[in-house]
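Going line by line, the protein sequences match chains A and B.
My numbering puts the first residue of the first sequence at 5, with every later residue one more than the last.
My numbering puts the first residue of the second sequence at 5, with every later residue one more than the last.
Do not take every clue at face value.
Which copy is meant is left open, so a pair is good if it fits within one copy or across any two.
Derived DSSO-like pairs (lysine-lysine); straight-line CA-CA distance at most 30 Å [said to hold, decoys possible]:
| id | residue 1 | residue 2 |
| --- | --- | --- |
| 1 | LYS304 | LYS571 |
| 2 | LYS429 | LYS494 |
| 3 | LYS325 | LYS571 |
| 4 | LYS325 | LYS342 |
| 5 | LYS599 | LYS304 |
| 6 | LYS304 | LYS325 |
| 7 | LYS342 | LYS51 |
| 8 | LYS51 | LYS571 |
| 9 | LYS34 | LYS571 |
Calculated from the structure, these hints are not laboratory results.
Everything numeric in this text was worked out from a predicted model, so none of it was measured.
Number of protein chains: 2
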Amino acid sequence: MIIRSALTLLLAAVPLAAQVVAPTAAGYRKEFGTMWTFDAPPLEYWKATYNFSPDQAWLDNIRLASVRLPNCSSSIISSRGLVLTNHHCARSCISSASPRDTNYIDVGFVASSVADERRCQGLYVDQLQSIEDVTARIRAASRAPSATVQAERRARAIDSIQNACQQSTGLHCQVVTFYQGGMYSLYRYKRYDDVRLVMAPEEGVAFFGGDPDNFTFPRYCLDISLLRIYENGQPLAARNYLRWSSQGAPEGELVFVTGNPGSTGRLLTMAQMEYLRDVVYPENLAAYARQLEVLREVTKNDPERARRYDNTIFSLSNSEKAVTGYHSGLIDAELMAKKRAFEREFRARIAKDPRLRAQYAGAWDAIAAAQRELASFDKASRYRSFAGSQLLSMAGQLVRIPAQSALPDSARLPEYRGEAIERMKRQITSATPVDTQVETRLLAAQLAAAKRALPAADPYLQAVLGGRTPEAAAPALIGGTSLNDPAARKALLDGGAAAVAASNDPLIVVARRIDPLQRILSTRARRLNALISSEGEKLGQAIFAAYGTSLPPDATFTLRISDGVVKGYPYNGTIAPYRTSFYGLYGRSAEFAGKPPFNLPARWQNRVDSLDLAAPLNFVSTNDIIGGNSGSPVINRNAEVVGVIFDSNIEGLPNRFVFTDEVARSVSVHSSGITEALRRIYGAGWIVEELEGR
Amino acid sequence: MIIRSALTLLLAAVPLAAQVVAPTAAGYRKEFGTMWTFDAPPLEYWKATYNFSPDQAWLDNIRLASVRLPNCSSSIISSRGLVLTNHHCARSCISSASPRDTNYIDVGFVASSVADERRCQGLYVDQLQSIEDVTARIRAASRAPSATVQAERRARAIDSIQNACQQSTGLHCQVVTFYQGGMYSLYRYKRYDDVRLVMAPEEGVAFFGGDPDNFTFPRYCLDISLLRIYENGQPLAARNYLRWSSQGAPEGELVFVTGNPGSTGRLLTMAQMEYLRDVVYPENLAAYARQLEVLREVTKNDPERARRYDNTIFSLSNSEKAVTGYHSGLIDAELMAKKRAFEREFRARIAKDPRLRAQYAGAWDAIAAAQRELASFDKASRYRSFAGSQLLSMAGQLVRIPAQSALPDSARLPEYRGEAIERMKRQITSATPVDTQVETRLLAAQLAAAKRALPAADPYLQAVLGGRTPEAAAPALIGGTSLNDPAARKALLDGGAAAVAASNDPLIVVARRIDPLQRILSTRARRLNALISSEGEKLGQAIFAAYGTSLPPDATFTLRISDGVVKGYPYNGTIAPYRTSFYGLYGRSAEFAGKPPFNLPARWQNRVDSLDLAAPLNFVSTNDIIGGNSGSPVINRNAEVVGVIFDSNIEGLPNRFVFTDEVARSVSVHSSGITEALRRIYGAGWIVEELEGR
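Start from the sequences and build out the full structure, keeping to the hints where you can.
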């Protein structure tokens, strides 16, 4: 699965200058991938590579048909506003549409007609109306002598552009940072907030193979759901939508993916990649493993807990597998050698020109020095925190809210500014009770890790352990606190600084001691990350200066169009076919004796004989995608839907840093597998007719 | 596929001394694997590991039921002498049993009853009757001051033991060298030479997936054939045979493989492994690639040539894939580190004891020095040869036969001794015509490789190229020679030294010049390899001295019993099931649009509906196997057949040097897949009834 991951890259973007030119075939550098923006489609490169020259109407149509969900991508696929996305993108919609006694996640849902479609709570769809380059405006507004003031002014300029746009157009407006601040664009979206559920398969077949098969191919998932946009209570009369291809794409065919990749790190320096490789990812992986071990154990023989932690476990496993994949790229000598060679060449170009050298040559070393300094106190800042327990985290917020509230907004810690602090207060007072048994285990695991990582005399360990073992301290803290009672939390919140200072609650006592330790380090880290951002922005400009701009910008969860080809690849000592089949689905289920996560829903078991088992189910292509692309349509040159992206293979994960297409593949549900299943398994002929324009 | 490969290890064995003790659980070292001999079954280790204690009758029965084919393994599986082996082990039998107008390889064969079974030309089955330790006799007979005389005497002692045995028992007797000469055993076989074909599936399903899927899993091959031993014109009334398990083995079950692994290199020193890694394997791989490139090109649009070179291409591809797998082990830092650690420990044990140190401590360095010297002229001896063309090779033989015939037998080059020279003469005069077009291409490729590898002034290049390019020299040599005419070859053979000396045939001229160049280097290499053998033999003794003998000897194409467990494994970022299904077979075929080598025979397409598609087809286990094990039965603790070995996965290839079972697996056809196919696809209910003892 390639849901947009919680993982964000180290670089927060800060702007300065840019001159963006449309990419050319000549200047195209494969390692930077193909996540093209719609205001700079690589027309010459497409023509040279595929002899394909779409006109503006083609581009406009697919832009308007490729709509964004809050965390995913999707597309309009009928004149009546039918929307195709992944099952895993519509999970909350499917849950919210379920009646009290049934869970459509488990049993699936098929509307019997339009009238039977079910409203999704809180789901909306954003349609990209237009893009405007606002780099010059932002640059002009954010001139200032110091980086800090620059950043403040820039933030204000962005706010003001967004607000003005919103007021004048009624659209949702967002200023997007490209090339680490080399360019700013204003993206205007029309938001549709009446979205209804038309069809969702059972999760057992949507996420067939579960965590083991996640991020792999060959694959057998009907990871789709069908929604419908309504406007004024009626199905949207869509002017722009994608036609359906019942045949799908054969091997070798050119296909495009239009969707919203979340984040990539292709412009990172070697020092930044080494920091991820040696510091961030190993620690993240250890943390996932630690939490998963606890959660798997406590849910093992406890079906109710298993249900409760199901999403958390899935999300942690998904992150663990994804980060393992990213990390595998960084420990791959060949990939790093490629990156090193590029950086050497890039630096040489900058060094050759005295003007460029003066402006940019220092950035790499400045970033490397900052990364080294961050690494030097990474463990301390990682563990001197409120992490490891929801209750401890709330204790930390209770300690900080009075102090932060007393400060002017701009002087607060970033997470306590603006509306955030009010949201935090609401959450603290309303949160449902915490599972203290699990909480105790998780905190004990966190404290044990901290004890291994920090010197014995570390003040954090003094504060939380006070000489006890992690196994003794955790139950004492969680068992002794009253913070699991929302009323107790409200009393402390209402009581303000005085109540917090007077509290003997063991978690509050601990949080008071952690608070200053944490603040010192987070301030220091913020300063270093700001420096890395502003140096990174120089590199964003330097890359234009050195290479022109045949390079698509790093992903920003905004609409991109990626070209690729439907294609099998070498795998497991043999070859992976470009597509799988329903035969394969039933085979993999039988081979694991139908045990979860390889069990098939009853409907699938009962109707096996009605299916064309040889029909394609999933397929792979060389398109450039990453988390956030989930639900993206895959289209052919006629702008017909041949599939829907739902994952990357594991070989594709290192593409986060360097794009390759030897064995990296995007994984999609095949359009003819979708129609076959709709017709034969779900008896949803009316939907197929709508798809086919009848 | 794990047919016994042409690859033999560097070490020819030379004997000295040994004291073999039955292995114990305590002394078991996993890295040396589980290829146990039947005279030293690891009873304590089995008991400790599996709580399994077979009695002697159990062992005797499976020994007598596990019969050997000329290049494969097999087993007797009914009281009427039915034999199970792989399809690829019975290829020549199946061909020879085919009538003129039909090829059973392509269309398969099922006897309608016993009376319908077809005689196989030249196939025999060897049944191991007994094993006797003859180490002391051979050691006594081969004492001599020099290594050369020792070797001569040893060879004579072996001959005389074998002949005496043969005369007194009427059995086929073979003295087998174990532990690089640490131990000698006399193996006595009863040979059955009336073997008939009962059933063979179509090659399309026996070798489904062809070269791409070869050495991989998940896998979908019905790689079986059924033969029957006849005695006095009647089906053998077998006292010892294996019962059939229609259920097969579930995951986790203990299973044994009894068969004849061809060769392993687990006792090799680091220097020997490095020599394989850096010298032998890279050159072998280049040679395979070179020949395959030519053969694939010339057969591409030429169906008749494609048929003619089919076996050669398969055999080269198989070797290429196998050697790539072996090589991958040697370039694996972890594997080499394990080996290095063992060698360091082993050397330390030897160094600690003054007596052992005096006897053995020098062996490693002596071997390393010899390997270095071999490496120093490897390229010269590889290319200064008659390789690259069948006609050139025959020219070489024609030049040498008169000279070698004139020498006393013991003074000849080894390949011209005894009966060999007469066999060679027969081949030279009878050989079918050579395809000169292919011959020219192959020779040109060989010469081009030689030109890249050798200095321009090398006398070999002077002799064959004489200033021409390889592309000019090859057609001149092949076009100009008359050696493609058997009569011309016979004339030269009959004319003897004078005719050869007078010949102007361009290949004879070239062969006369290559002859002395080649002889100098091969003599030097022979001396070094003899030295490596005799030092390797010391290490064979040293290992007993240092470790006792819980270690099974390296494979020798003699009967072994290997324990293992039926078990899936991590693969491709997910998990491989322990078994596949007919669903998977049809799926993989559909996913490649039924194109070769993923096409299914008509019978399989027509009868798909009669099959239980969920039934198991292939499965994997952790047994220790290698080329030669093809056709080995897989049995459970009740000595029932649960499958038949036909391959190793690609992860298992490095097991040649260090045994592991994390992801290395043996691949078998599942017994219930066999009965399902026999019944539903082949309508061979009578065979199933015989298997099931009805």
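Here is what the structure says about each hint:
1. LYS304 with LYS571: between (40 Å within a copy, 23 Å between copies)
2. LYS429 with LYS494: Within one copy only: 9 Å inside, 102 Å across.
3. LYS325 with LYS571: Close inside one copy (24 Å) and across copies (23 Å); limit 30 Å.
4. LYS325 with LYS342: both (24 Å within a copy, 28 Å between copies)
5. LYS599 with LYS304: The answer is within: 15 Å in one copy meets 30 Å, while 45 Å across copies does not.
6. LYS304 with LYS325: Answer is within: at 21 Å inside a copy they meet the 30 Å cutoff, but 43 Å across does not.
7. LYS342 with LYS51: within (27 Å within a copy, 53 Å between copies)
8. LYS51 with LYS571: within (20 Å within a copy, 51 Å between copies)
9. LYS34 with LYS571: within (17 Å within a copy, 41 Å between copies)
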